[in-house]
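Visitor: Residue strings, one per chain:
There are 4 protein chains.
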Amino acid sequence: MTPPTVPTKVKVKLGANNYGKADVRFFKVFRDAPRHEIKDVWVRVAMEGDFEAAHVSGDNTDLLATDTVRNTIYGLAVDGFTGSVEDYGKTLIRHFVSQGPKVARATAYFTEHQWQRLTVDGQEHDHSFVRQMPKHTAVVEGDGQTFTVTSGIDELYVLKTTQSGWEGYLMEQFTTLPETNDRILATVVTAKWEYAVPDCDYDAVWGRVYQTILDTFTDHYSPSVQNTLYRMGEAILTLCPEISRVHFSFPNRHHIRYNTERHGIENPNTVFHADAEPYGQIEGWVERA
Amino acid sequence: MTPPTVPTKVKVKLGANNYGKADVRFFKVFRDAPRHEIKDVWVRVAMEGDFEAAHVSGDNTDLLATDTVRNTIYGLAVDGFTGSVEDYGKTLIRHFVSQGPKVARATAYFTEHQWQRLTVDGQEHDHSFVRQMPKHTAVVEGDGQTFTVTSGIDELYVLKTTQSGWEGYLMEQFTTLPETNDRILATVVTAKWEYAVPDCDYDAVWGRVYQTILDTFTDHYSPSVQNTLYRMGEAILTLCPEISRVHFSFPNRHHIRYNTERHGIENPNTVFHADAEPYGQIEGWVERA
Amino acid sequence: MTPPTVPTKVKVKLGANNYGKADVRFFKVFRDAPRHEIKDVWVRVAMEGDFEAAHVSGDNTDLLATDTVRNTIYGLAVDGFTGSVEDYGKTLIRHFVSQGPKVARATAYFTEHQWQRLTVDGQEHDHSFVRQMPKHTAVVEGDGQTFTVTSGIDELYVLKTTQSGWEGYLMEQFTTLPETNDRILATVVTAKWEYAVPDCDYDAVWGRVYQTILDTFTDHYSPSVQNTLYRMGEAILTLCPEISRVHFSFPNRHHIRYNTERHGIENPNTVFHADAEPYGQIEGWVERA
Amino acid sequence: MTPPTVPTKVKVKLGANNYGKADVRFFKVFRDAPRHEIKDVWVRVAMEGDFEAAHVSGDNTDLLATDTVRNTIYGLAVDGFTGSVEDYGKTLIRHFVSQGPKVARATAYFTEHQWQRLTVDGQEHDHSFVRQMPKHTAVVEGDGQTFTVTSGIDELYVLKTTQSGWEGYLMEQFTTLPETNDRILATVVTAKWEYAVPDCDYDAVWGRVYQTILDTFTDHYSPSVQNTLYRMGEAILTLCPEISRVHFSFPNRHHIRYNTERHGIENPNTVFHADAEPYGQIEGWVERA
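Chains as they are written, first to last, in this note's numbering: chain A, 1 to 289; chain B, 1 to 289; chain C, 1 to 289; chain D, 1 to 289.
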């Protein structure tokens, strides 16, 4: 496959680019009081700016080592990480834009694990925790002055055994699926939202969105994943004035009634194959009108 | 690497062997009452017996197709899966030993996802659930008459921010780790246990073990993962007379205080690197004396 | 966290949205001749259009079931999948835009596994294959008339033990990394490229890009991942006139010389810790000037 | 679930146990000559012995820190890791049994990535490599005097498009699978073998086993996975006198002909659904008679 002769190089230029450190796992304990608080975070920081010299001529003069980026993430956390990851993202970006001589913008991507305080004999324990499933994600982007914040929820598995159907859809050459007004609805919620305000109590909003998703999931007959998506968006925008719009990505984790009748056993809609793949994928934004 | 001439075949024989179906995901809804119950299960069934004809001469006469194994797992579940996965394992093994002409023994491996019923306005919802992190595992093995049951817990992440240390260990050429009497202790519990009784309420025992692990995790200063392991075993054997012995596998997920002092920032034991690997691994059985 | 009274719903609207089927694994054998050819593909199809009725009022009239999408992917493959996944993507999009009454645009995402024909006694085997590591990815998007094609390479692990360094970078408060002109360079190439032509032999171009990445990786002293990225882009644009621009995402998989001197053992730059995380992440486009 | 009163502790004892360090990734370059050689290894070391004091009374006096285990793995590699991982496993075990005051036995588990030297203009490159898919695994166990070595291959994907069938199996109540004498056979080989000799050129044997698996895969019509398993074992024992017995674990990755006839399209056995799960699982040892 190697060409026999080396052709003359064509003229090229550097396009959009960024660099930084990824998968930095840091953990902070707030231990001023006997009741400790914790934050368990993965972060990636990516910087954008005029890095042409490094790319084109191998001149690293104005580059921060990504190892330096790592040290900074830990170092600034000591005094600068006091609340939400969203707030810390702004702190990080302000630093990198001012510190890196050629850094014009930066983005911080966070995944925060959720830990629940353990309860012993009905009392919340001071310093022991058990991990919970959904994750708090966040992306903060900016030039050091203005920021765009997107927060999210990831890996929230919900399921209901009834009050969901799929009927009245288009029938054509490749359609074989039968209609139903009683199916299992199961999905893994990936949500993200943008803000109508420059700043707020991000952790409080996250908790409100989380609860609203669960509440909405239970409160209606779902004629489609699309309709449930829209209802969840409407409820969140109603209960969270801080949010301008919200996006959901819903895999439809199909539970297919198993045909045991061919073996002489009547399946009264109780035994299902939980199909891992393929799955329907439904995605969309719900926005303020 | 291919040898130039084909050597004469040596004499060989079939050793221990098994076959069956793996990663069968099945889901059962108990919907007799308005308040639905669910079971969400992965299972693998492996059969042992005299399968020499198939291996040696390609004679499949006495083999069940693994597709048949799958159909059976769903088919029998309709009437035969009414309680724990451990009980259903016995049902499956009885079937395969009697049904497969050459099947002498079988093993069923289960992974059961845990779902928590959703609470809406303080009321438990009838048919909506959110998934929890730890899993219920089980291995049931037997000849159709007698069974060995091993149950377990997987992916239970616990962490405490203090009341753990590591001191007084052996110092030698390759030792560089400093001693500490105040460190973060974090692990992912993988536990399994065997039974002193032929039968019991397996789900109730699972719940009791789960709670005992969490309670014990909080109730002492941990001088080592080994000592905490032993204490958990002791507590479980005390509270669960049904259990004969219990095994734990504990990765020690190190949280390493980050050296920010080299950057002129004092880290008052609050910012840590949550190291993913390598990790200490501590494993052991605790048994009745 | 549930608010005590239900607030009046705010006005909302549906934003950008799509739906379809994901993780459809299909496999095609070209068996007209004794020498079989194969294609091993994962695909996701996402459709965009006016799906407001389904979202807002639960009216599914104009929706294709995602199960229908699946059937279509297999059904059209019989006659319509004859060459590259990129070409089949166009076929699929044409179909869904014409078939779904409200479908305006569609996107097909492909991951194609690479299989190498086995060689037996120096002869290529007719129908036996062994899987290779890098994957061929592709995203085809369009309205049924015009298409945007992006092809890519994923999971290509390359490493060189010397002829790489990192020097002359910015030194500041958080910098502790020492400079080096002889380090191990290891990365996992994720590349993608766009086309300057509406159509071409996509598989041939993929092979040429693959070879050019490997060739460029070996042909220079690398002063930074950034510079190697730029050189690879330049070489690809030189050798592939079909390509308009190319993007790389390079994790810098650090290999850190282990300090065995503290144990009295001199490490002559031979033993390294292959650090899994964190890692530097360098990304950028190289474009025609 | 917490019991109201604390019961008297029962008598317990420590059973089988071990500890050590896992997921240690180390990398060695042999750079004496311009043509570098590399070894890319994950290792876990687990030690067994009398560790009762640590478990029962929290007395760590005779324990090595797992951090020390890590340092040792890197430190000894400088001079002690000169050939195969199997040989290095013996070196590590000898060290830990002699160094840990209470260590009676130890086990080293290895996963070694395979890297192929790059070829540039038909010449093998001195120091550039591309990673290959199958892995070399090894488990070495012993008391410092005698060792049990098990070597293996992992993640070797093979597939053939014909010359495989499944017929003549047992038909019963739950059987619905149709017979076929022309199916796709695809599996992911996991093999392991034990040795008839105390020592040998482990890397050379690995290469011979690898080649024999591929050769055998192509050289017969497969009436069942079981028969192919047996044939591979026979061929390996014939070509590798160093090996006493060999074990295979074969997932049967089903490729199911897609029924496109219900859409009016004839599928001439060319389009398949590559089903990810469930899968048949066939496992067995082949031994010298």
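Just so you know, not all the hints are guaranteed correct.
Which copy? The list can't say, so a pair holds if one copy fits it or any two copies do.
[To be verified] Here are the simulated lysine-lysine pairs, DSSO-like style, with alpha carbons at most 30 Å apart:
1) Lys28 - Lys13
2) Lys135 - Lys102
3) Lys13 - Lys192
4) Lys90 - Lys9
5) Lys28 - Lys135
6) Lys135 - Lys192
7) Lys11 - Lys28
8) Lys9 - Lys28
9) Lys9 - Lys192
Bear in mind the hints are in silico, worked out from the structure with no lab data behind them.
Visitor: State for each hint whether it applies.
Guide: Comparing the hints with the structure gives:
Taking the shortest Cα distances, Lys28 and Lys13 never come within 30 Å of each other, neither inside one copy (42 Å) nor across copies (37 Å). Proximity of Lys135 to Lys102 under the C-alpha cut-off of 30 Å is found in neither arrangement, the shortest distances being 33 Å within a copy and 35 Å between copies. In this assembly of identical chains, Lys13 and Lys192 lie within 30 Å of each other by CA distance solely across copies; the values are 16 Å between and 34 Å within a copy. Taking the shortest alpha-carbon separations for Lys90 and Lys9, neither the intra-copy value of 42 Å nor the inter-copy value of 32 Å comes in at or below 30 Å.
Taking CA atoms no more than 30 Å apart as the test, Lys28 paired with Lys135 passes in both settings, with 17 Å inside one copy and 28 Å between copies. In this homomeric assembly, Lys135 and Lys192 come within 30 Å of each other (Cα to Cα) both inside a single copy, at 12 Å, and across copies, at 27 Å. Within a single copy, Lys11 and Lys28 get their C-alpha atoms no closer than 49 Å, and across copies no closer than 40 Å, so neither meets the 30 Å cut-off. Proximity of Lys9 and Lys28 under a CA criterion of 30 Å is satisfied in neither setting, with 51 Å inside one chain copy and 37 Å between copies.
Taking the closest pair of Cα atoms, Lys9 and Lys192 come within 30 Å of each other only across two copies (20 Å); inside a single copy the shortest separation is 44 Å, beyond that limit.
This entry does not satisfy hints 1, 2, 4, 7 and 8, going by the numbered hints stated previously.
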